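K.L.:
Sequence:
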Amino acid sequence: MTPKEFNECLIRIKNGDNRGLEPIYINYYDKLVLTANCELRDRGRSEEVASSIMITILKNAARYDYILHPDAWMYKAVKFAVIKCKQNARNEVLTDFTEFSQPARNENVTFKLAFREALKNCSTRQCEIILLHFVYALNIRKTAKVMSISASTVKREIQNIREKLK
0 MTPKEFNECL IRIKNGDNRG LEPIYINYYD KLVLTANCEL RDRGRSEEVA SSIMITILKN
60 AARYDYILHP DAWMYKAVKF AVIKCKQNAR NEVLTDFTEF SQPARNENVT FKLAFREALK
120 NCSTRQCEII LLHFVYALNI RKTAKVMSIS ASTVKREIQN IREKLK
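Numbering that gives the first Met the number 0 puts the sequence shown at residues 0 to 165.
Think of the hints as simulated: they come from the structure by calculation, not from any bench. Please read these numbers as outputs of a predicted model, since none were measured by experiment. The C-beta atom is built at its ideal place from N, Cα and C for all residues, glycine as well. There's no promise every hint is true.
Claimed, not checked - Okay, the calculated beta carbon distance ranges per label pair:
no., residue 1, residue 2, range
1, Q86, S149, 27 to 35 Å
2, E4, N138, 34 to 42 Å
3, P22, E47, 17 to 25 Å
4, K119, M0, 40 to 48 Å
5, I66, N17, 13 to 21 Å
6, N138, K13, 29 to 37 Å
7, K119, S151, 20 to 28 Å
8, E162, D16, 44 to 52 Å
9, Q158, K58, 22 to 30 Å
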């Protein structure tokens with residue numbers, strides 16, 4: 000989703016059209032769940048995080064100015080929501096995603112499950128790089144900027160990730 004399309008959706012919501020959220024939901028919900036699950040390792044709570052972000056966008060669209068980088072903006076939103084979720088559940092034992100997985104109904108679901116399983120072998124930083132670079136399709140420079148690390152570090156981590164996933 001381009002910044003223009005994203006902001007057009009926000010304008011539709013500001014003007015009272017609740018269906019303006021649909022394209023944002025379609026483009027970002029799965030990515031938000033995947034990002035949250037990388038940290039939480041709990042499918043149910045990851046879906047709650049993604050849903051809460053969508054509700055927040057719907058309620059607060061009038062407060063938002065033009066969003067230049069919606070992918071990075073959404074990534075930051077999910078990171079803050081995950082932190083809040085962890086704070087609320089500090090005394091709970093985090094459960095593994097596999098307890099919540101459903102039988103695969105098609106190849107897309109099978110791929111997502113395999114991808115999530117592979118992410119378990121990666122560090123938190125590597126998970127963030129995977130999500131920003133491969134899921135949100137940010138280039139290496141933008142990924143480095145969002146994570147506040149150098150581009151060479153991102154390149155090196157991507158090489159390490161590829162070796163791990165082989």
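K.L.:
Compare the structure with each hint and give your call.
P.N.:
Hint check:
For Q86 paired with S149, a C-beta distance near 30 Å keeps the hint of 27 to 35 Å intact. Between E4 and N138, the C-beta spacing of about 19 Å breaks the proposed range 34 to 42 Å. Distance hint check for P22 and E47: the Cβ-Cβ separation is about 22 Å, which falls inside the suggested range of 17 to 25 Å. In this structure, K119 and M0 break the distance hint of 40 to 48 Å, their C-beta atoms being roughly 28 Å apart.
A C-beta distance of roughly 19 Å is found between I66 and N17, which places it inside the suggested range of 13 to 21 Å. The given range of 29 to 37 Å is respected by N138 and K13, whose C-beta atoms sit roughly 30 Å from each other. Our hint of 20 to 28 Å for K119 and S151 holds, since their Cβ atoms are close to 26 Å apart. In this structure the supplied range 44 to 52 Å holds for E162 paired with D16, their Cβ-Cβ distance being about 47 Å.
The hinted window of 22 to 30 Å between Q158 and K58 is violated, with their beta carbons roughly 42 Å apart.
Consistency with the previously given hints fails for numbers 2, 4, 9, ordered from lowest to highest.
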